[in-house]
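Based on the sequences and whatever the hints tell you, model everything.
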Amino acid sequence: MEKVKISNYQLYTLMVLFGLGSSSVLGLGKEAMQDAWISIIIGCCFGVIIFLLYGMIIKNYPDYSIIEILNKTFGSKLGKIIGFIYIIYFAFYTSVVLRDIFELLSLYVMTETPIFVLALVSIIVFAYATFLGIETIVRFGVLIFVISIPLKLLFILGTIASGITALENLLPVLENGLRPVIGASFPLITGIPFGQMFIFLMVLPYVKEKEKTVKTSIYAIITTGIILLLITIENIITLGPLFIDLSVFPTIQTIRLVNIMNFFQRLEGLAVVVFLTCGFMKGIVYLYSVTTGLNILFKTKNYKFYLIVALPVILMCSLLYTQNLSTHLDLRSSIYLQLINVALEILLPLIIIFIIYIKQLKKNKLK
Amino acid sequence: MKHKHILLIFGFISCLFILTGCWGKKELDELALVSAIAIDESELGYLVSVQVMVPREIASDFSDELTTVKLFSDEGESLFQTIRKLTRDLPRKSYFTHLMAIIISENIAKDNMVEILDFFLRDPEVRPDVPIFIAKDTLAQDILNVLTHIEPIPASKIKKVGLNFQTNYYGVRDTTFLNLVTSIASAGVNPAIMGLTVYGNKNEGEKNVNIQEIEAKAAIKITDFAIFKNEKLIGWLNEDESRGYSYLIGEIKNTIITIPCDKNKTQNLEITSFKNKTKLKMENGKPIINITHQINSNIAQLGCSIDKNNYQKLEKLLEKEIIKDSQHTLNVIQKKFKSDVVGFGELIHRKKPVVWKKLNQNWDDYFVNLTVNLSAEIKINRPGVVDGDVIKKILK
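As they're listed, the protein sequences go chains A and B. My numbering runs 70 ahead of the 1-based position in the first sequence. My numbering runs 28 ahead of the 1-based position in the second sequence.
Do not take every clue at face value.
Cross-link-like lysine-lysine pairs, in silico, DSS-like; alpha carbons within 30 Å at most [as the list claims (entries may be wrong)]: (1) B:K32 x A:K371; (2) B:K32 x A:K75; (3) A:K147 x A:K285; (4) A:K371 x A:K437; (5) A:K73 x B:K32.
Between beta-carbon pairs, the in silico distance windows are [unchecked claim]: (6) B:K386 x A:L224: 49 to 57 Å; (7) A:L244 x B:K257: 28 to 36 Å; (8) A:V216 x B:C43: 21 to 29 Å; (9) B:N409 x A:I230: 27 to 35 Å.
Hints in this document: simulated from the structure, not taken from any laboratory. Ideal Cβ positions, reconstructed from N, Cα and C, are used throughout, including at glycine.
Dropping the structure here:
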């Protein structure tokens, strides 16, 4: 662990950027068609509930990261194994985010650059930020937040100003009943991006005002939910649910259509950059957690050393774990990944809370 | 310390080479900017023609000697293969981000358009809002073979004519290929798009002579609307029917309506706003649709005298005229084409999803007998900048 402190505001910005990450470009809730926005509201509620669970964990161990908490609850051996599983899980998601970034870049902006180069350049940015430490990351986060969030909202206004929106695309509401809507929100949207906020159990120990962390995090999750909701509604009313279902990156497709007075048009280059910044923040937070996690697990002094190990592994994983873009996109809805998400983001924290509860009962009895 | 500086500077300089993103760079003089593409049928499969802009001729003040655009065409088995086959003739790589019009020939639209749409959907260079047209009574290639007045780039003229027609005359719902794909994909609505044709002497159209005189020898014009059933073209609405179709979908911003009043004389009203209030009612489990045209208009030109203080008569005439046109089109699309181009199915889908689930499977059969009631609320606001019975006063 580094000996630095971050403020609650910095935590808030980092969480919002992390939550938007690549989900804002990929489009959420495609399965629910025109009701995707309801799925996001439900998913956001689940996200808040799940984070309240995490809040119960950190109430008991406010100064420890999840890897240490696992050690304390499951004992040193089992705790280490589970901790290692988590680190692999984080590393896997780092490569997924990396893949998102270079697939987006190579699809719209740098079509002829080999993906290896794009991946390498992106991961060097991840690594450099990780190398500089959490303080630099959160400061960078604030800067990105101030620039990219207003721009995202401006893009939404841009589609409305272009006069290409049709509100009736949102109809009919709940065409096939609640089932597909909830099916899309749990575990899909709940898992990605809201459940992924689990990673902040690695970051929360750095926060200055410990009593406010959960509150700040909940605010951040709700903000993320609202922005994702706006983006999704924007996509639905401009493209229509059918076209969203066809598109790989529906948000970029929407922004391609912006044309205000034949002057503000062809904004997708800017949009790709703006939406990528959030993806970068997500990747950086993941990579930082991987390296600090390994550092804590092996009780060494400097986490930076682990960059040398993590970097090539993640880079290779992101290039090799899937054959093509189609399988990469399907990964998110694959049942195995969802099971893993649910197990690691919801079930294990529940078990931890259970163990903490039993331990406290025992203590009280002894007294 | 010194070493650190040197390292830093070295780092920055190496960044210059890595981060410029020049890997796939394409300079302007290496690209052939395609302004429009026309797709025809041929023995091999497709005859594809691309209209490439010549930037030097567009920018120069005296573009008399060379044409502003060039046409390249070739035949091939598939659309994309043919586009690449054009490299046999094209010295530069064809670049589609500035595509302004897609023109598809009638035969292809009747036969197999999905393959073409698939290409345009997949290609990252093509924007989803490119206008799409069907060539009527002519090869699609011929349309790109005409030089145009006022707009130096013919493709730009095609795009703007479409827009102008849509805003100042009467419009169609599916103007871009995004709309087209959405309409094809949804069960409750079939596509209808604008048709283009060439008037005049086609052989003269490609020469600069065509635009050197006041009157063009050949010109591209918007013509009837193409009616589809799912992804296949099944017929055309003629001018009157097209107008009625625009009334039905309410896609009118500003237009003129002409009512015959006497022998060879007409009353003309400028429509300033046109809205459709559509209501869906269920009677005995059957959907009934009521459309009310809400119209605001001004008097634009009168051929017969009217009562100055009483526009009601004129309003009645206008109402009759509009309902006559919409009713006629409704009959044509229900009985002749049997294709729901207005989107009544989509309306039911959106307002009564439960009913739609039952009708969804055989909507095309159901649509033929769908009851649609038409009515109109007309308001005439102004007589123009003069008032009173102008004709009578002048002739007195």
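Against which earlier hints does the structure fall short, listed by number upward?
3, 4 and 6
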